[in-house]
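Protein chains: 2
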Amino acid sequence: MASQREIAERAGTSLKTVSRVINRDPLVSVVTRERIEAIIAEIGYEPNQAARMMRLQRSDVIGFLADGVATTPSSIDLIRGAQDAAWEHGKQMMLFNIEQGAPSHHLADSQLTAFRAEAVIYAARYHQAVKLPPSSVPRILLNCFDPEGRHQAVIPDDYALARGLADAVFTRGYRRPVFLNLSKTIVAAGLRASGISDSANALGIDMTPRIHTAVEEGNGRVTFIADRLLSRLMAEPTDQRPDVIICGQDILAMDVYFDLAELGFKVGRDVAVVSFDNLEPIASLLKPGLSTMELPYYEMGRRAMMAAINSPNGPPVTQRLHGRFVDRASLAELHS
Amino acid sequence: MASQREIAERAGTSLKTVSRVINRDPLVSVVTRERIEAIIAEIGYEPNQAARMMRLQRSDVIGFLADGVATTPSSIDLIRGAQDAAWEHGKQMMLFNIEQGAPSHHLADSQLTAFRAEAVIYAARYHQAVKLPPSSVPRILLNCFDPEGRHQAVIPDDYALARGLADAVFTRGYRRPVFLNLSKTIVAAGLRASGISDSANALGIDMTPRIHTAVEEGNGRVTFIADRLLSRLMAEPTDQRPDVIICGQDILAMDVYFDLAELGFKVGRDVAVVSFDNLEPIASLLKPGLSTMELPYYEMGRRAMMAAINSPNGPPVTQRLHGRFVDRASLAELHS
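In the order they appear, the protein sequences are chains A and B.
This note's numbering puts the first residue of the first sequence at 1, with every later residue one more than the last.
This note's numbering puts the first residue of the second sequence at 1, with every later residue one more than the last.
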């Protein structure tokens, strides 16, 4: 199979003439037309890249189904990581925004099959279980996992993230933590409560009465109730009230900063605040800057893409990634 | 051209048998093989959807080249708007993250040509001029424009946005505004300065000494210098110092909230703050909630997609969209 250019070279004509023959333009002599048609009959003509791709073993296309991810600020680093890894390895990442199970999902699936995607990364907005419909294209789950363990998955190690964060807090001398957790229905909430509790137990601190759910869900909306919790908790005597507030996410920490200011406490001086995410620009714009455990989204995106490229049909292992503690000024060294 | 199913129906065989013939599996009788091959020779066989798509006039694919947009929280509403409009009209939006002029850009371009995209939307992170290389696929520019006016474009009407914001400020009784503007090199900065100045002029207020560039650029990094500006401006006597701070973007406003708290001023009570963007969750998490002029990104995304669907080869008009003033508590009614 040859391109128009190769056919023109072999026929000793211009590219334009070959194009005219192919497009049945009458402005070509019969002799020339017949010579070109003979060459095409002999070696074949390939109209475009899609056709070329269809014949090749590898399409170099990796699909990326973003279930809300591309429109959620906190998780776009998943896309950045996967995109960078794809570029570095000469793969084309084809990104579709979808809603799981909706027509958009089926459409994207069939499109990716038609384009012979070598593998498809399915990315979720937050760490959760997902059950995908069967597909002939291998799947890599990103920020989510199959409850029956049928797919490769790359997820954050929420237990280790929480344990690492709590260790940093206790190392600085804090001993009266409270954990303002996300909704109990979220996978990460349970794992983080365990991680923090185990770290605290090692120092003889019982976290049970110190963990509070700081969000309320209703009418499809999530509301922070940190203001109510803190006005009660911070009313305790100085030597009993919390010396550090561990928040389930950075935007909750932002809310907590304002709640504490309202109650007359200065973050970093009167009480420490730490969190999970490292959501920029919020984390560094808060004053004092927020000390927070970064979720390893960028690296997770990279790992998922590498799995899609190197071992799309590999065994269904789960990679759990630890994060990086970004130390700003909201967790001061405690001198008391 | 027919699918395997249609060939099987016509031959009176199972689908499996047709598949075996096509894949040269010897487990088919010579008679059956010859019958099926005769049918294929007569009506043709179409191996997959990509081939079907190649023959169709319309691919129903619209490309979306996101120059950093998909990884920039503030502009992902451009994607959401375009995506929603595509879904509503049965089009498949194929999204590529690119960097303008880099290999990623050329790769995505050639892929979209191969897949016969009907049109391509090129989206920029912020309102700017872009010069794209020639392409056979029609382009719609989103949040950017061609300096020579060769392409359809959908951009924010920064002059009208600024004028609307300033009108809201003056209507509430404020008379001593300062405008903390973005870098002068940004298209929006000049347009907004004009909009605010014209609104102020109508009341006899000269904005010239009241506009300050609040960002410093160096080493590829942007730094806010609102703290320095405000410590000087807010040190003026009560009846001369600013009564409202107009910020060039919400994250600058967030910085200003903390700067003012540091200087002992309470936003909404001692001084008003307004801004441009309506970047969530920041705008509503700030306390008091930030009154801000929303950039019409979602609607811009929709308009670009509608142009791509309905008039990809239409005249190179520019649509300038106004925004919506989201009134929270940082711009109180002034009683003085």
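Simulated from the structure, these hints should not be mistaken for lab results.
This structure is a prediction, so every number in the text was calculated from the model and none was measured.
Honestly, I wouldn't trust all of these hints.
It does not matter which identical chain is used: a pair holds within one copy or between any two.
[As the list claims (entries may be wrong)] Below, simulated EDC-like cross-link-like pairs (lysine to aspartate or glutamate); rule was C-alpha separation at most 16 Å, straight line:
#, residue 1, residue 2
1, K287, D227
2, K16, D270
3, K287, D327
4, K131, D206
We went through each hint and held it up to the structure:
For the homomeric pair K287 and D227, the shortest alpha-carbon distance between copies (12 Å) is at most 16 Å, but the shortest distance inside one copy (19 Å) is not. In the homo-oligomer, the alpha carbons of K16 and D270 never lie at most 16 Å apart, since the shortest distance is 78 Å inside one protomer and 74 Å across protomers. Within a single copy, K287 and D327 get their C-alpha atoms as close as 13 Å, which meets the 16 Å cut-off; across copies the closest is 25 Å, which misses it. Taking identical chains as interchangeable, the C-alpha atoms of K131 and D206 are never at most 16 Å apart, the minima being 36 Å within one chain and 62 Å between chains.
Consistency with the previously given hints fails for numbers 2, 4, ordered from lowest to highest.
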